[in-house]
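Visitor: Everything in the sequence shown is counted per the working numbering, starting at 1 for the first residue and increasing by one.
Simulated from the structure, these hints should not be mistaken for lab results. All values derive from a computational prediction rather than experimental measurement. Be a bit skeptical, because a hint or two may be false.
Lysine-lysine pairs mimicking DSS-like chemistry, simulated, CA-CA at most 30 Å apart [to be verified]: (1) K413 with K23; (2) K23 with K520; (3) K418 with K369; (4) K369 with K520; (5) K531 with K23; (6) K23 with K117; (7) K86 with K418.
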Amino acid sequence: MRITAIEIENFKGISERVRVDLKPITLLFGANSAGKSTILQALLYMKDVLDRRNLDAISTPVSGRALDLGGFRSFVHGQDLSRTIKIWVQMEVSGPELPTMARTYKLPGFLGDDAEKRIEEFYETQWRILETVRTATVEIEVRWDQAARCPVAFAYTVGLNGENWIRIQRSDQGLTAPLFDLLHPALSRPCTTAEEASSQEILEDEDEDPNRPPKRALTPDELSKIRYPLLGGSLPLFTGRRGSLVGIKRNWLTKPLDPIPDFCYREDLDLPEAVRGDYRNDCITIADFEAWEGTEFLARLLVGPGKLLQDWLQGLRYVGPLRARPPRKGIPSAELSDWSEGLAAWKTLEDEDTAQNLIVEVSQWLVGKDRLNSGYGLERRHLAVVDADAFRNAVDGDLDRAQLLELLKEAPKSAEVKLVEARSGLRLDPSDVGVGISQVLPIVVGAVAPGGSVMAIEQPELHIHPAMQVALGDLFIEGAVQRGMSFLIETHSEHLILRLLRRIRETSDGELPPGLPEVKPEDISVLYVDKDESGMRISSLPIDDSGEFTERWPRGFFVERGEELF
1 MRITAIEIEN FKGISERVRV DLKPITLLFG ANSAGKSTIL QALLYMKDVL
51 DRRNLDAIST PVSGRALDLG GFRSFVHGQD LSRTIKIWVQ MEVSGPELPT
101 MARTYKLPGF LGDDAEKRIE EFYETQWRIL ETVRTATVEI EVRWDQAARC
151 PVAFAYTVGL NGENWIRIQR SDQGLTAPLF DLLHPALSRP CTTAEEASSQ
201 EILEDEDEDP NRPPKRALTP DELSKIRYPL LGGSLPLFTG RRGSLVGIKR
251 NWLTKPLDPI PDFCYREDLD LPEAVRGDYR NDCITIADFE AWEGTEFLAR
301 LLVGPGKLLQ DWLQGLRYVG PLRARPPRKG IPSAELSDWS EGLAAWKTLE
351 DEDTAQNLIV EVSQWLVGKD RLNSGYGLER RHLAVVDADA FRNAVDGDLD
401 RAQLLELLKE APKSAEVKLV EARSGLRLDP SDVGVGISQV LPIVVGAVAP
451 GGSVMAIEQP ELHIHPAMQV ALGDLFIEGA VQRGMSFLIE THSEHLILRL
501 LRRIRETSDG ELPPGLPEVK PEDISVLYVD KDESGMRISS LPIDDSGEFT
551 ERWPRGFFVE RGEELF
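Please build the complete structure, drawing on both the sequences and the hints.
Guide: Set out below in structure tokens:
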């Protein structure tokens, strides 16, 4: 899956709702303080809310020390506590990707004479629904609670194929009855049986009913009586007890007043004890099976998109505008996961669990003449920490080779990464080479190391010369096309965009150098961010197959060269 769009409202410098369409490689250009970094920070905030409910985010585990949001009072637009922050994310998904939200259970051997056929039809119907899902959206809303003097999660909304289908909202009494769209195209189809026809008011064919009724919040009693023939059985969706969903138990909600589900929680469906232990022929009916499984299926559609987004954001690597050199005496444990200043990249290279081919691949990117050509490769050395006196005594005592190896085997182990000068072969500490290496290495590691889903990078061109800036374009293309990653890059580098345009042109003309992946205009989005008195404006600058922009750049960007030369 990929994130294809993000919409932001009332966050930092953004007031009115702004939409940012994302491609595998998205470049954000614009004047200083135009709001480019705000887009990256909104994604970080979404991750922190889904992961930890850190609604008053000051710094986050992902952002590290490089990003300090200062708390809700600081990042709500205009520091106006009456405003509601809204962040909406659209994902390109395949319906079967949506995770199930309950553990599986074993069915008894007998459910009735027609059980096998009914179960097959039941799952076929669910599969047809899942196959229609192409996009999913998740929106969170956070506002200030004056009584509690803190921000609270106000609403959680899930959409399928571009249309909202459920919204759960906070109120003074608890969570309101969710706002279901019972005629959502993903859940409705033409009626084919008399039983379904009797539920025409619920499953009306949309094409035959152009006056589709508006969505509304249903009462718990109404929800308990709704039949979903295409899902099987009568499915009571809402119990009214503190806003808990049947099949999605109270535990699935982190708090009674929190509309955002607990995506980490999984448990068995609430089945009778007879189904859990010794199975008898008559211990479960097919209707019970359809009701339980149908409820789980609805949970998959309701909670699944948020869980999918949370899982995808686990691979988010945010690299801030200033990357740090690792200290000579090792990286402090508190900073091991800090991608923002680049230290997590060095630790990844040192990690004993890291495959040696990662060291080789990063080294090739650094030293290759057709790549970054920095003049330095990498070497990882394994060290054993042995007490000097004990080692000396062992040697003086004529310790044989086997005993010496055993002593070293029991010693604590560590690893260190050295830069190797390609010309002389000298092994150097990262602190002994130019600052440009420390700026670019975290970007290379983040784009190459397994487990990444998206890199949000500020100013990748910082402190590196133009030849390395253009080579970063090939790094991002390889990561997007061959590794399935996404890149959201805030930059001022003309050199970077020139390499991307060149590769598009070479792909179109069939002149791409051997070994390089093809890249097309639909893989790259170039956005110009600006703001005026009415707020932030984002302009897309389309690219054609010849690697040319089809619209003029806004004045003030990349026209200075011509003015200075001529």
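Visitor: Verify the proposed pairing of K418 with K369, using a straight-line Cα cut of 30 Å.
Guide: With a Cα-Cα distance of about 20 Å, the restraint between K418 and K369 holds, given a limit of 30 Å.
Visitor: Given the proposed pairing of K23 with K520, does the C-alpha separation stay at or below 30 Å?
Guide: Distance ~11 Å between K23 and K520 Cα, so the pair holds.
Visitor: Given the hinted pair K23 and K117, is their Cα-Cα distance within 30 Å?
Guide: violated (43 Å)
Visitor: Taking 30 Å as the top limit, are the C-alpha atoms of K413 and K23 close enough?
Guide: Given pair K413, K23 is violated - Cα atoms ~43 Å apart, limit 30 Å.
Visitor: Please work out if K531 and K23 have their alpha carbons no farther apart than 30 Å.
Guide: holds (22 Å)
Visitor: Take the C-alpha atoms of K86 and K418, compute the straight-line distance between them, and say whether it is at most 30 Å.
Guide: It is violated: about 45 Å lies between the C-alpha atoms, which goes past 30 Å.
Visitor: Holds or violated: K369 with K520, Cα cutoff 30 Å?
Guide: Answer holds: K369 to K520 is near 25 Å, not above 30 Å.
Hint compliance for this structure: hints 1, 6 and 7 are not met, and every other hint is.
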